[in-house]
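Student: Chain by chain, the residues:
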Amino acid sequence: MDIQPLVISLAKIIIISQVLMGGVAFMTWVERRVSAIIQFRLGPNRVGPFGLFQPIADGIKFLMKDETLPAGSHRPLFLLAPVIAFVTALCAFAVVPFGPIVELFGYTVNLVILDLDGGMLFALAATSLGVYGIVCAGWASRSKYALMGGLRSSAQMVSYELALGLAAVSVFLVNGTLRPTEIVAAQAGWFWNWNVFAGFQLLGFLLFMIAGYAETNRLPFDLPEAESELVAGYHTEYSSMKFSMFFMAEYIAMMTMSALAVTLYLGGFHPGFPTGDLAGWPLWGLQIAAFTGKVGFFMFLFVWVRWTLPRFRYDQLMDLGWKRLFPLALANLAMTALLVAFDVIKG
Amino acid sequence: MGGLETVGFIILTTLALASAVVVVFHRSPVISALALAFNLVSIAGFYLLLNAQFLALLQVIVYAGAIMVLILFVIMLLSIANEPGLHRSGFLQTILAPLIALGCAVAMGLAVYRGADGPAYVVSSTDFGTVRDVGTELFSTFFYAFEAISLLLVVAMVGAVLLAKRRL
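Taken in sequence, the protein lines are chains W and X.
Count the first sequence with the working numbering and you get residues 1 to 347, in order.
Count the second sequence with the working numbering and you get residues 348 to 515, in order.
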């Protein structure tokens, strides 16, 4: 058996998960600093330059905190819930292409962990399983706040998954494929080749982003953890590193959602202009930088929106999901199908 | 089947059977529902072993990711665990239910046994199971069946809305 593909895959998995964890640490700092700036405060600025080492201090603090296990909780599920949330969030990133096929130390490496024919479906499947972490946490805690949070999240994520999936299906129609690498390849060259422009997917893109905010339980849709109503929702009873895992899962889910939006609508790792005769590492360095930059922008947007918009009421949330986003996504899908059928968009 | 596939098959079978037993015998409905979700995901693993990745992904998205979540939602909302009489074992539970289950098992076993002799369904290419191939089959060979099922779903949906609205 040839062991080389296995080693390359393993290396990619380790590097990507480590980069994502680093991104989480950095994002906690960004979240606190940006929220502080928005609210005319300073935020954490003492540990290291600009407070950049604050996440390390936070991490150590989480490790040192007392672990609590509420009386009457369902112990196995209580312990399993953060793991489910964390693992499903990490899994979805596997299908996102973050760079082209490169030559590295004499090996040909495709810069995506899992180049799957139904890759986008894999990402949707992984995010749809993420809800189990929250539901299990809510139920296993034996606390009314946690249970309410779990209930809300199950209804919310099922409702918004539909709009999310339907918005993505329009892109599959435009590109005629579900393979993320092919979707990205179809958007090469100038930025007007991106699906959001060339595929007439501006509406689809907006729907995808709104549904994505709901899927990741971020404001204005953070009903499962609404602190003014539910203390902290599904993770009320969690402390120490187990709480931290929910926290990390949320940030990784945000990064995955941003990366998926970039892949589907904004050209993936293509920088948006023809790269001419660039080749070798300057080319793929530029492409990885373009990808990181685009994902970074959406991460900033997540933070910006969180500290700007108030939270929806629960009935408003359901109204928006089922009566606005879902019909709009269907209409967008029908429109895209017509455009593809009459060759306005070349599929 | 290669060696790795056999190992995968044994692991998946163990997981699927174990979770199925938990579904039937666990006293807590929430645990039963979670075990069923796990069971559905391990069945998706079998589809993957059979090269039907589209089916596997849809199984996870639709059954584990949506339907089971809704079932969990209802169970948790009603908190059935505290209902008295849930575990009452009457004629239906102790006699009729096992008989029906046995009948279903025999029927499916017979179908598989007979099907083993008959002509196997010929797949169009080696990468059958990709989205494109399944879609092509659905809209050519199985066109009428496919449309009939979609009609059935619409009827079921309208019926459900009608039933719910009458009580509102």
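Simulated from the structure, these hints should not be mistaken for lab results.
The beta carbon of each residue, even a glycine, is placed where N, CA and C say it ideally should be.
It is possible that part of the hints are untrue.
As the list claims (entries may be wrong) - A few chain X residues that face chain W, going by a derived Cβ cut-off under 10 Å, partial list only: (1) Tyr491; (2) Ala495; (3) Leu498.
What the hints assert, rightly or not - Sample of chain W residues facing chain X (criterion: CB under 7 Å; computed from the structure): (4) Asp2; (5) Val135; (6) Ser154; (7) Ala155; (8) Trp192.
Student: A separate judgement is required for each hint: does it hold in the structure or not?
Tutor: Each hint, compared with the structure:
no.	hint	result
1	Tyr491	21 Å, violated
2	Ala495	22 Å, violated
3	Leu498	18 Å, violated
4	Asp2	13 Å, violated
5	Val135	6 Å, holds
6	Ser154	4 Å, holds
7	Ala155	6 Å, holds
8	Trp192	28 Å, violated
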